[in-house]
Structures are given as C-alpha cells and as structure tokens.
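> Listed below are the residues making up each chain.
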Amino acid sequence: DAKTTQPTSMDCAEGRAANLPCNHSTISGNEYVYWYRQIHSQGPQYIIHGLKNNETNEMASLIITEDRKSSTLILPHATLRDTAVYYCIVRTRGQGGKLIFGQGTELSVKP
Amino acid sequence: GAVVSQHPSRVICKSGTSVKIECRSLDFQATTMFWYRQFPKKSLMLMATSNEGSKATYEQGVEKDKFLINHASLTLSTLTVTSAHPEDSSFYICSARDLAGQETQYFGPGTRLLVL
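For the protein sequence lines, the chains are V and X, in the order given. Each residue of the first sequence is one higher than the last, beginning at 1 in the numbering used here. Each residue of the second sequence is one higher than the last, beginning at 1001 in the numbering used here.
I should point out that these hints are in silico values taken from the structure, not numbers from a laboratory. Since the model is a prediction, treat every value here as computed from it, not as a measurement. Virtual Cβ for every residue (Gly too), placed ideally from N, Cα, C. Do not take every clue at face value.
Said to hold, decoys possible - Computed Cβ-Cβ distance ranges for the label pairs, DEER-style:
#	chain 1	residue 1	chain 2	residue 2	range
1	V	G15	X	T1082	46 to 52 Å
2	X	H1085	V	S41	21 to 27 Å
3	X	S1005	V	G15	19 to 25 Å
4	X	N1070	V	T72	36 to 42 Å
5	V	G15	X	T1057	42 to 48 Å
6	V	Q42	X	L1068	24 to 30 Å
7	X	N1070	V	T5	35 to 41 Å
8	V	S28	X	A1072	33 to 39 Å
9	V	D67	X	L1068	41 to 47 Å
10	V	D67	X	C1013	47 to 53 Å
11	V	T5	X	Q1060	19 to 25 Å
12	X	P1109	V	T92	37 to 43 Å
To be verified - Calculated from the model, a selection of chain X residues having no Cβ within reach of chain V, i.e. all distances over 10 Å:
#	residue
13	R1024
14	L1026
15	Q1029
16	G1053
17	Y1058
18	V1062
19	K1066
20	S1073
21	T1078
22	T1080
23	T1082
24	P1086
25	D1088
26	L1114
27	L1116
The task is simple: from the sequences and hints, build the whole structure.
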C-alpha cells in the first residue's frame, strides 16, 4: 500500500472550515483514499473515502486532485469536538487491502 | 456507521498471566478482522489480519505464539496475549471490515492493557 504525507499538526478556529491536506504521490490506480480520525484514548472513527471523484457526507468533504496525488479533507464548520488526530490512508479494495496508519495530523480546534 | 465492540475496555494483570480480548461486530458480518496496538503518543501498528475460519496472518515482527488470534465466527474475533510482560502493556484496538457494504473498516473502542 502506498504511503501518505500529512502535516504533523494544525490549528483551526471554532466555526471555521478545517482543511487537512494529504500527499499520496505514489498512489496506484486501484487504491482508494480513506480518512479516519482518533480522538484521545478512543478507537479510530471512519470519516470518508473516495477513489477519484470528490465525496461529501454528513461529516466532511473529500477533494481529490485530478492526478490523484493529493487530497484534502474539509470539515466545513469545525467544533471543539473535532479536535483529534486525522489519518489519511490509501488502501486497495478487496481482501488483500490493509489500513496502514502513518503519523496523521493533530488538529486542534480552538475557541 | 457500523458498530464494533471490545471487551474488556481495560484490564490489569500480573506478569506471566494470559489475557483474552474479545472483538465483536454488532450489526454486520465481518469476514475479516484486524488487530492493532498503539503505544502512547504513537500511531496504530497493525499486528495481524484474521479471516473467519482460517489462521491469522501476522505482520513482520509480531510473535504469533505470543499473540493468539481466533476468528471463529463472522462476528467474533479474540486476541489472547500469552505470558504477558510489562512491555506488552499497550492499547489494543480491533477492526472489522463490512464486506456487505463498501468494505469500509470500522474500529472498536480499544482495550487498555496494563501488565504489572
């Protein structure tokens, strides 16, 4: 599975949009981009995933560049409860695919 | 999203004893489950992948005789830490993949193990 690069940490003001970038320049054609977050001392929470089209759900939006070498997770109106470590992971579908976690981005939402 | 539970949520044991951690998918069937461990201020590290009815596949460097994994049904996997030592103290997290949906992988709340 390809590796990803994320900033170590980011701050965001409460109520503003949080834009979390991720580079995955070695992604291959059959790999999806997944985003998870982990709030302190809890298991990771699934946020969203996509292949090449932009995706949106009740939690966030995922913007994937046309060349698929990078993506951005957008939390449209960040709240204090969105403070967490956010992980961007690329994974193939099917039985062989595994979620391998990098270091993620520690997002701090401040009042 | 789908729900994965773990039991116990935290356990303290004496060095040399064995500890069993259960992972259940509550509202979906999971043919594949995963076990991770996480040390303080570190990322999750995949330990093994288990498929229902077959032997687990361990990641490099993970001792299969120390971390016994059983995946006897489509909703239950267990991890047994045998002859636990203080260095096995960690946060153990299981994950289950929902093959009926879009193969999204859901995580349990984790089990904190402290070996004295």
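> Okay, which hints does this one fail, numbers in order?
When the structure is compared with the hints, numbers 3, 12 turn out to be violated.
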